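Protein chains in written order, with numbering that gives the first Met the number 0: chain A, 0 to 669; chain B, 0 to 199.
Hint data in this document are derived by calculation from the structure and do not stem from the laboratory.
Nothing here was measured: the structure is a model prediction, and the numbers come from that model.
Please note: incorrect hints may appear among the correct ones.
As the list claims (entries may be wrong) - SDA-like, lysine to any residue: derived pairs with alpha carbons at most 20 Å apart:
| no. | chain 1 | residue 1 | chain 2 | residue 2 |
| --- | --- | --- | --- | --- |
| 1 | A | Lys282 | A | Trp345 |
| 2 | B | Lys21 | A | Asp239 |
| 3 | B | Lys57 | B | Met73 |
| 4 | B | Lys168 | A | Ala668 |
| 5 | B | Lys48 | A | Ala668 |
To be verified - From the derived model, a few chain A residues whose C-beta atoms are all more than 12 Å from chain B:
| no. | residue |
| --- | --- |
| 6 | Leu16 |
| 7 | Gly24 |
| 8 | Thr235 |
| 9 | Phe256 |
| 10 | Gly286 |
| 11 | Pro288 |
| 12 | Val312 |
| 13 | Leu314 |
| 14 | Leu324 |
| 15 | Val331 |
| 16 | Arg496 |
| 17 | Gln499 |
| 18 | Ile646 |
| 19 | Gly651 |
Note that CB positions come from ideal geometry on N, CA and C, so glycine has one too.
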Amino acid sequence: MATVTTEPRALLRSRILRRPTATTGIWSWVTTVDHKRIGILYGVTSFVFFLVGGLEAMLIRLQLARPNGTVVTAEAYNQIFTMHGLTMIFLVVMPLSAAFFNYMLPLMIGARDVAFPRLNAFSYWVFLFGGLFLYSSFLLGGAPSGGWFGYAPLSEQPAQHMHMYALGLIILGISSTVAAVNFAVTVINMRAPGMSLFRMPVFVWMTFVVSFLLIFALPVLTIGLVELFFDVTYGTHFFDVAGGGDPVLWQHFFWLFGHPEVYILVLPAMGIVSEILPVFARKPLFGYPVVVLSGIAIGFMGWGVWAHHMFVVGLGPVANSAFALSTMFIAVPTGVKIFNWLATLWGGDIRFRTPLLFALGFIAMFIIGGLSGVTHAVVPADYQQSDTYYIVAHFHYVLFGGSIFGLFAGIYYWWPKITGRMLSEAIGKVHFWLMLVGFNLTFGPMHILGLEGMPRRIYRYQPGLGFDFWNMVSTVGAFLIGTSVLLFLYNAVRSFRHGQVAGPDPWDARTLEWATTSPPPPHNFEEVPVVHALDDFWHRKYAEGVDGRLVPVVAGGANGDPTGNEGSGADAEAAVAPNESAGVDLRGGGEAALPPTVQGEDHDSGAYGDAHGGGGHGIHMPSPSYYPAIAALGLPILCYGLLYSSILVIDGALTLLVGLFGWATEPSAE
Amino acid sequence: MAADIRAVEHGAPTSTGLSNSKLGMWAFLGSECLLFGALISTFLLYRGKDVTGLTPQKVYDIPYTSVSSFVLLMSSLTMVLALAAIQRGDHGKLRVWLMATALLGMTFIAGQVYEFTVFVHEGMTIKTNVIASSFFTLTGFHGAHVTGGIIMLLSLFGMSLDGRLPVEKAEAVELVGLYWHFVDIVWIVIFTVVYLIPGR
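Using the sequences plus the hints, can you model the full thing?
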């Protein structure tokens with residue numbers, strides 16, 4: 000008893016800052032540890048960076064629209080294309096995926112929050128400060144201009160400002176590593192009762208795979224960046240030939256990170272598409288286990304293909320052949336996924352809503368990008384393509400046509416869940432078609448330009464080389480994309496006022512996030528759901544009749560009925576019971592591997608008694624905290640200190656320590 | 000008590016029965032393996048290079064470093080004893096062993112600082128050549144990790160003095176222990192690869 004009484008007093012004594020209590024206003028956002036709010040912060044921040052990166056792309060296209068472009072200088076052009084790449088990869092696609100991980104993952108596995116809510120807030124603030132740190136380089140002598148790939152020895156020239164690149168990416172790497180640990184543990188440990196691994200939605204699986212890719216890939220990049228930073232700042236010789244170093248080591252480190260990174264960028268989008276297709280085709284995902292296992296296979300094989308980025312380095316015929324083979328092999332699981340998606344659509348009762356359009360756009364564009372990717376695997380062809388616009392075309396087809404289309408599909412799909420309102424279908428469809436046409440006009444011609452020999456990373460080209468026409472087409476396309484994004488912004492703003500109120504389940508969807516209100520309450524579910532099958536929520540709503548047709552289950556809330564799914568978990572439980580066997584039948588022979596375990600007894604076992612008894616009021620959610628943001632603030636201060644003054648190093652380290660101490664001594668909830 | 004558990008796990012027991020923190024620490028240590036893996040690879044790649052200037056192999060004092068390696072390995076033993084103490088509820092012994100672990104760690108770091116100073120006086124700095132760069136970066140990174148561990152140990156010691164490390168929080172000691180043992184194991188690899196295997 001002694002400890003019980005003294006403990007709170009000791010805690011209060013140690014408290015550096017009073018516990019934040021605001022539930023609205025700016026401080027409530029700064030101190031939030033709610034995964035949904037952090038997801039929104041991630042989403043909004045990365046979308047702002049998307050607009051900035053898009054403006055940089057516009058400048059690039061304006062400069063290259065005509066021969067001998069004069070819009071920007073060579074120095075500015077190098078900075079802009081470097082920052083465009085860094086922004087789109089580290090500040091847009093990764094955090095926008097993280098926004099969905101944050102918001103959707105706990106909902107989809109029936110959890111109340113992620114495993115480490117304060118660590119989650121820390122990742123966000125480190126991401127924000129890392130992005131601002133990177134962009135502050137424009138004000139501090141110039142942005143990095145050695146390319147996002149940062150090849151030595153160019154990157155070691157002081158004029159390229161790569162010290163900011165190295166430190167900025169290290170900060171962002173810390174953010175992603177911490178977030179990945181958090182998501183991995185969440186998936187392993189926070190699943191609702193009955194949510195076995197092979198009942199998890201594919202998006203959750205892809206999050207899981209991506210988390211492990213991040214955990215293992217980022218430290219390799221971090222060491223490369225540390226060595227680069229030491230070379231530039233302290234005069235070491237890691238990549239400096241004069242001192243015995245080897246620039247090729249940088250390329251190995253960078254691509255050993257960089258190729259898993261490609262899958263880090265695209266697997267979340269594949270997960271999103273795998274969620275959307277079954278909902279809008281009104282069929283279960285075809286070959287769910289195979290899709291999941293293909294994702295895992297991609298995660299493993301992604302580690303064995305990095306040197307295909309280095310065919311022209313001269314690693315020798317044995318290495319080049321081995322990596323050519325592994326690169327061709329990795330197309331197999333990707334192809335498997337594509338056939339499964341097509342089979343999901345086959346014979347479906349398809350509703351062409353905007354999320355589905357973007358998902359289909361993803362599939363089509365990703366196929367084109369995948370095919371051009373396979374051509375890089377052929378070493379002699381790659382010799383011809385390397386460092387030309389053909390490469391630029393390829394990776395935009397997979398990262399824009401792939402990732403960004405997939406992420407927009409996710410935005411349209413989950414917008415009603417996050418905001419409680421629908422986006423306009425009409426504007427959404429115009430957005431889609433404009434973006435699709437603009438995208439193909441921008442990047443399609445780059446295949447031709449590349450094969451005609453136009454090199455990448457040049458700031459201007461001579462007239463009369465045959466590059467003029469297609470470059471102009473490409474620039475026009477880029478502005479169409481820009482217009483389509485403005486249209487999306489209008490749609491988003493409009494929906495807050497005029498958007499139709501969504502209700503909990505506007506798409507008649509299949510996964511658990513739709514079982515709660517839109518937007519969900521802070522504790523997500525009034526009662527932690529008990530899961531009985533893959534697509535559990537669907538089986539609560541529909542059973543299979545004798546003729547094989549879907550029959551709505553009584554008390555299951557189909558199609559936006561706002562009263563059906565709220566609150567009374569007992570009704571939902573009752574609804575599950577009769578169609579459990581039907582749930583197994585529905586999925587057919589292909590799913591036979593899934594154990595049709597009935598875990599109804601879990602419900603009454605008493606293990607969740609207190610959560611149930613609380614009826615939403617006794618649920619202890621983690622309390623907000625200042626410390627994650629404070630600790631995160633220490634990192635950029637420390638990094639500025641490394642560049643400018645040792646006092647700032649101490650200041651940054653102290654800020655970090657104060658944040659971490661306050662964090663460690665503060666209870667997670669009170 | 001019940002309120003504490005519910006707060007940590009958001010109202011439900013975990014899927015695996017393990018605590019989130021322990022899984023998180025293991026995942027983090029997995030990431031650290033690749034961090035040190037990349038540094039050790041750098042060293043291995045460059046260790047045979049023909050370079051000008053002094054290299055670590057020419058200035059090593061193996062008996063000296065063996066002693067400080069022994070000190071660090073002994074700290075793993077005291078760490079285990081600290082964990083055993085708190086699990087028994089013996090807070091006095093916990094503090095003794097935590098402080099012993101921290102002091103052993105500090106001895107190791109002091110030894111490393113002395114070693115670096117000697118090397119620099121003999122004319123091998125981080126700028127001398129690529130082997131020296133790799134050596135200082137790899138061992139320096141390890142030293143920074145040990146220093147981080149010492150800060151964690153001293154924090155635990157302070158919390159225990161303050162009465163804020165009850166038996167129920169024994170896992171905090173276990174987590175720091177996991178990290179500490181990891182750093183020790185990495186040193187075994189570094190000591191073997193960098194010091195014991197002969198090179199140029």
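Here is how each hint holds up against the structure:
1. A:Lys282 with A:Trp345: Within the cut-off at roughly 9 Å; holds.
2. B:Lys21 with A:Asp239: 41 Å, violated
3. B:Lys57 with B:Met73: With a Cα-Cα distance of about 28 Å, the restraint between B:Lys57 and B:Met73 is violated, given a limit of 20 Å.
4. B:Lys168 with A:Ala668: 16 Å, holds
5. B:Lys48 with A:Ala668: Answer violated: B:Lys48 to A:Ala668 is near 55 Å, above 20 Å.
6. Leu16: 18 Å, holds
7. Gly24: 25 Å, holds
8. Thr235: Given a closest Cβ separation of 4 Å, the condition is violated.
9. Phe256: 9 Å, violated
10. Gly286: Fine: 25 Å to the nearest Cβ keeps A:Gly286 off the interface.
11. Pro288: It holds; A:Pro288 is separated from chain B by about 19 Å at its closest Cβ, greater than 12 Å.
12. Val312: 15 Å, holds
13. Leu314: 14 Å, holds
14. Leu324: Answer for A:Leu324: holds, closest chain B Cβ roughly 24 Å.
15. Val331: 26 Å, holds
16. Arg496: The claim holds: A:Arg496 sits with its nearest Cβ about 34 Å from chain B, beyond 12 Å.
17. Gln499: Label holds. Min Cβ-Cβ 32 Å, cutoff 12 Å.
18. Ile646: Correct as stated: the minimum Cβ-Cβ distance to chain B is 20 Å, above 12 Å.
19. Gly651: About 15 Å separates A:Gly651 from the closest Cβ of chain B, which puts it past 12 Å; holds.
When the structure is compared with the earlier hints, violations turn up for hints 2, 3, 5, 8 and 9 and for no others.
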